[in-house]
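Colleague: Chain by chain, the residues run as shown.
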Amino acid sequence: MATITPAQGELQVRTFQRSPLSRIRGHLGGLWGRPITQAILKAVLTVYVTSTITFGLIRLMPGSPVEIKIDELMQQSQMSYADAAASASGLFDINLNAPIHEQYFEYLGNLVHGNLGNSFLSKGTSVMSIILSVLPWTLFAVGTGLLLSFVVGIGLGLIAAYRRNSLLDHAVSTGGSIISSVPGYLIALLIVLIFGIQLRWIPITQMRGAFTSGITPGFTPEFMGDILFHASLPITVFFLTHIGLWILSMRSATLAALEEDHVTVARARGLTDGRITTAYVGRNAVLPLVSQFAIAAGAVVGGAVIIEQIFVYQGVGLRLVASVNQRDYPLMQGIILMTTVCVIVANLIADLLYSRLDPRIGRAGGATGK
Amino acid sequence: MPVLSVRDLSIDYRTRRGPVHAVRDVTFDLEQGETLAVIGESGSGKTTLAVGLIRLSPRSARVTKGEIRYDDGKRAFDVLSLDTERLRRFRWADCAMVFQAALSAFNPVITIWEQFLDTGRAHGMGDKHKVHDRTRELLDLVHLDPNRVLRAYPHELSGGMRQRVLIAMALLLDPRIIILDEPTTALDILTQRAIIDLLRELRGKLGFATIFISHDLSIAAELADRMLTMYAGRIVERATVEDLFYRPRHPYSVGLMRAVPRVSGALGSVASIPGSPPDLIRLPRGCSYYPRCPFHVDECLQQDPPLLRVDTPDHEAACIRWETVAAALGSDAEAPVAEKLA
Chain L
1 MATITPAQGE LQVRTFQRSP LSRIRGHLGG LWGRPITQAI LKAVLTVYVT STITFGLIRL
61 MPGSPVEIKI DELMQQSQMS YADAAASASG LFDINLNAPI HEQYFEYLGN LVHGNLGNSF
121 LSKGTSVMSI ILSVLPWTLF AVGTGLLLSF VVGIGLGLIA AYRRNSLLDH AVSTGGSIIS
181 SVPGYLIALL IVLIFGIQLR WIPITQMRGA FTSGITPGFT PEFMGDILFH ASLPITVFFL
241 THIGLWILSM RSATLAALEE DHVTVARARG LTDGRITTAY VGRNAVLPLV SQFAIAAGAV
301 VGGAVIIEQI FVYQGVGLRL VASVNQRDYP LMQGIILMTT VCVIVANLIA DLLYSRLDPR
361 IGRAGGATGK
Chain A
371 MPVLSVRDLS IDYRTRRGPV HAVRDVTFDL EQGETLAVIG ESGSGKTTLA VGLIRLSPRS
431 ARVTKGEIRY DDGKRAFDVL SLDTERLRRF RWADCAMVFQ AALSAFNPVI TIWEQFLDTG
491 RAHGMGDKHK VHDRTRELLD LVHLDPNRVL RAYPHELSGG MRQRVLIAMA LLLDPRIIIL
551 DEPTTALDIL TQRAIIDLLR ELRGKLGFAT IFISHDLSIA AELADRMLTM YAGRIVERAT
611 VEDLFYRPRH PYSVGLMRAV PRVSGALGSV ASIPGSPPDL IRLPRGCSYY PRCPFHVDEC
671 LQQDPPLLRV DTPDHEAACI RWETVAAALG SDAEAPVAEK LA
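So the sequences go chain by chain: L and A. Under my numbering, think of the first position of the first sequence as 1, with each following residue one higher. Under my numbering, think of the first position of the second sequence as 371, with each following residue one higher.
Derived from the structure by calculation, the hints contain no laboratory data. We put the CB at the ideal spot given by N, CA and C, even for glycine. There may be inaccurate statements among the hints.
Facing chain L, according to a computed beta carbon distance under 10 Å, are these residues of chain A, among others [said to hold, decoys possible]:
| hint | residue |
| --- | --- |
| 1 | V421 |
| 2 | P428 |
| 3 | L450 |
| 4 | T454 |
| 5 | L457 |
| 6 | Q470 |
| 7 | T481 |
| 8 | W483 |
| 9 | H525 |
| 10 | L536 |
| 11 | A540 |
| 12 | R546 |
| 13 | I547 |
| 14 | V630 |
Away from chain A, derived, C-beta distances all over 12 Å, residues of chain L [said to hold, decoys possible]:
| hint | residue |
| --- | --- |
| 15 | V44 |
| 16 | D71 |
| 17 | S133 |
| 18 | L186 |
| 19 | F195 |
| 20 | L199 |
| 21 | P203 |
| 22 | T236 |
| 23 | V263 |
| 24 | T264 |
| 25 | G303 |
Chain A with its partners taken away, still in its complex shape:
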């Protein structure tokens, strides 16, 4: 039973030139306790999707259709049909979010402790001591010294510490889902590593489900069970981590893999994807990846391909040429894609 089922979710931004179709017909399930990574380049709609799930999109955004069904076994509802008050309580208590901008995620003029308390009180934790005990426990869990952190103002903490504090705060109400929107982007490489390790550790201990938004494939691969590749607002491939890394079937996923530098590979093996994502206001006919795709044929222009089952039931790709892609990569599943194509 998935804890979150998203069906045909479409989100537009209103602009002067017309609606920007930032998220188009997105459908996926998030199972209890699993980690689902959403990857794609900037502008592919990842973050719009993430904030859309808790209906925190900017005012110019509008959900044009779809359903976001939450079901934790006790309660089940469509997030899109919640009224303001119930939506407020759904946020953080059921579905928390760790933001990319952890550096500016806290109000700079009140202490960390007050911000924990605010969060607890907003969700009916009236007992100050209870919030305090829970907060200390969580700060211990994210390897921070509660005595120092609680009294501090946000600017007195380093970037990595602030990200840990935000993670601890996300756990305050014991949510079933945590959305991580590029949680390591603003951090240096060592801090990134520490945060990733921490997230794995916490997931093991607490068993929440995670939606992990990232453009960093190596980090996504480390944390995720399953992966979604997004391109131009659509999901173009859905696969397990292993399938996606060893047997990608959408040319865009292949391109993403090749764009990752490898320790073992020669410098020349890194290749960027030529061109840029399409204009999301005037989408071209047919497959939106067509202009950048090395495998394209005229047939691709006829319709935007739906997700097709490839190889196994758990693997889908929105490409009519997936068999050609598979043939080009070879059947050998031993080496990661980047090395084969180099």
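Excised from the complex, chain L in its bound form:
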């Protein structure tokens, strides 16, 4: 056993205390302790894992963009395979023969710089610019539909809970559970088939796209009206697919909130029914739904794919399907990554929002130290 003289021991202790590593750890400790730091780090990790899985999956898909193009040329122009291959290879400035790990690291490297690469098929167009041109339309349609369904659903759920076991309650909650169990694409198909084709009430062909071509974009009433006209069907579908969820969640949350002791006390305090409903029952019941809303909003961006396809609405979903059909790897990667980021950001917002709205969460272990 080695013997340490008192002086040596003291020295060791002192160096340990003053080591820069521990000092850094001390600084980071304060930062690490914050929920937001942890949430952001988790978000970054999720983005990395998703992008890696996406990268791998896409390259496992049968048929590369070049092969798809060769097939297309052979069928359309009756070329021989060799001719088609020669002209197809000239169309793409990509090297898919590079080892997979090189492609991967190049992709990651670009990603770190915020560069999602260029589209294979539309030469010279960056994936980012394509996404930016379609994303607002999806966000607009999804956001409007979801927001409407939230507001209306919360109102109906609250009323249903207040009139528990009345005819209205039964109608609203049964309707809510039926409609929330029908998938959105079915509703979309029914709208197209019944109102568009059978009854011809809705001019579905005119409503395709995000806006009528030829109209000048801008904050003019005509343009706004036109946007709404084109988005109205997707909005209707997003509204219908979500309203049931909000009705049912709000109804049960309100019923639970009504049972709270503090509501009884509020009545004993002689507060008006209006004040109790808004500030003591409604507000408390809505809290958990706010985070549910943010999560739903994130998920719907990815879920819009089929709906946009059915209505031919110029959003992210429509573009994703096209890119898959053409094996436009960078665009697929970009859109899927963007969808993931939407979900993650939504969750992050939900977390932060909830802790702002509910003081019991945000301040736990915080400055007040209770």
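Starting from the known structure of chain L, arrange chain A on it as the hints suggest.
Modeller: Relative to chain L, chain A alone:
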């Protein structure tokens, strides 16, 4: 002139098996400034009575008969005949209530100050600064630091602090009556003591009348002027505190006294009452305490005995055998009952 007169009040709960007669023919007066304690075991109808007085009973409850007359010298009315709006204003302004569940008495997501303000505004205190000044004054009165409490959310305060806040809030509109429904039940013993002392102090300063609901006889004895014993929804004994503790005349009151452990008594002197309260849906014929009563005779089964005058005009007991009970306890009024029966 009593500030509150309750006459023949009966409250039923509707259930699938039939109506539960939770409160039956309750009659009592609450005088200005006095403290009336209502004691009894769980399920005796104490809380149903308390919330019934401000008509805050759950939806399944129904007042089948009776009258709750409020008279503060300026206004007099039957609480049961008030419309929704007048009832709302009666609550808290004339008759406030401090609940058992003080821990969950406040909305967890808004600050204490906002809840004071809500209460003030609901009763026409439009001036925010006036509510604020009054609130600070009251928080001082209940020995809390207004600067800290007003900005706090309920979960940031301890149980005892929350109970004090609720008491302060009960005083906001200077009501003539405060109903205290087991205000110390959820608190530890030291906090209980502090709250009791506080209530005595406030009562002395402000002079409101109190209805004190409790199953804790020692606390009730400390605060009350007069006491009511409730059993199976009825008042079975009405007496001053001293009479009830030294000269109880209803066997149930005697049983309650004996169930209280005493500092001086041996461990064996504590006795529970055998059996359990009757089914309030199918009440037995005759005296509802009959099956548990050590003094019962066949005559007890003939009718549910009315309140009979015993000893003094201020003392009533619903027992035809009260003289036998008195004889069993002895005429010596010096020692509390529990020790005599041990």
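Colleague: Using Cβ atoms and 12 Å as the threshold, tell me whether L:D71 really stays out of contact range of chain A.
Modeller: The assertion about L:D71 holds, with a minimum of 61 Å to chain A.
Colleague: In terms of Cβ atoms, is chain A entirely out of 12 Å range of L:P203?
Modeller: holds (48 Å)
Colleague: Is the interface hint satisfied for A:T481? The criterion is a beta-carbon contact with chain L at less than 10 Å.
Modeller: Since chain L brings a Cβ to about 8 Å from A:T481, closer than 10 Å, the hint holds.
Colleague: Should the label of L:L186 as a non-interface residue stand, given a Cβ cut-off of 12 Å to chain A?
Modeller: holds (39 Å)
Colleague: Have a go at the A:H525 hint: is there a Cβ in chain L nearer than 10 Å to its own Cβ?
Modeller: holds (5 Å)
Colleague: Hold the hint about A:L457 up to the distance rule: shortest CB distance to chain L must be less than 10 Å.
Modeller: holds (8 Å)
Colleague: Against chain L, is A:I547 within 10 Å by beta-carbon distance?
Modeller: violated (12 Å)
Colleague: Closest CB-CB distance from L:F195 to chain A, is it above 12 Å?
Modeller: holds (44 Å)
Colleague: Grab the minimum C-beta distance from A:P428 to chain L and call the hint holds if it beats 10 Å, violated otherwise.
Modeller: holds (9 Å)
Colleague: Hey, does the A:Q470 contact hint survive, CB to chain L under 10 Å?
Modeller: holds (9 Å)
Colleague: Against chain A, does L:L199 hold up as non-interface, every C-beta pair farther apart than 12 Å?
Modeller: L:L199 is indeed farther than 12 Å from all Cβ atoms of chain A, at 46 Å.
Colleague: Is the interface hint for A:L450 satisfied, with its Cβ closer than 10 Å to some Cβ of chain L?
Modeller: Nearest chain L Cβ about 17 Å off; hint violated.
In this structure, the earlier hints numbered 3, 8, 12, 13, 14, 23, 24 are contradicted, and the remaining ones agree with it.
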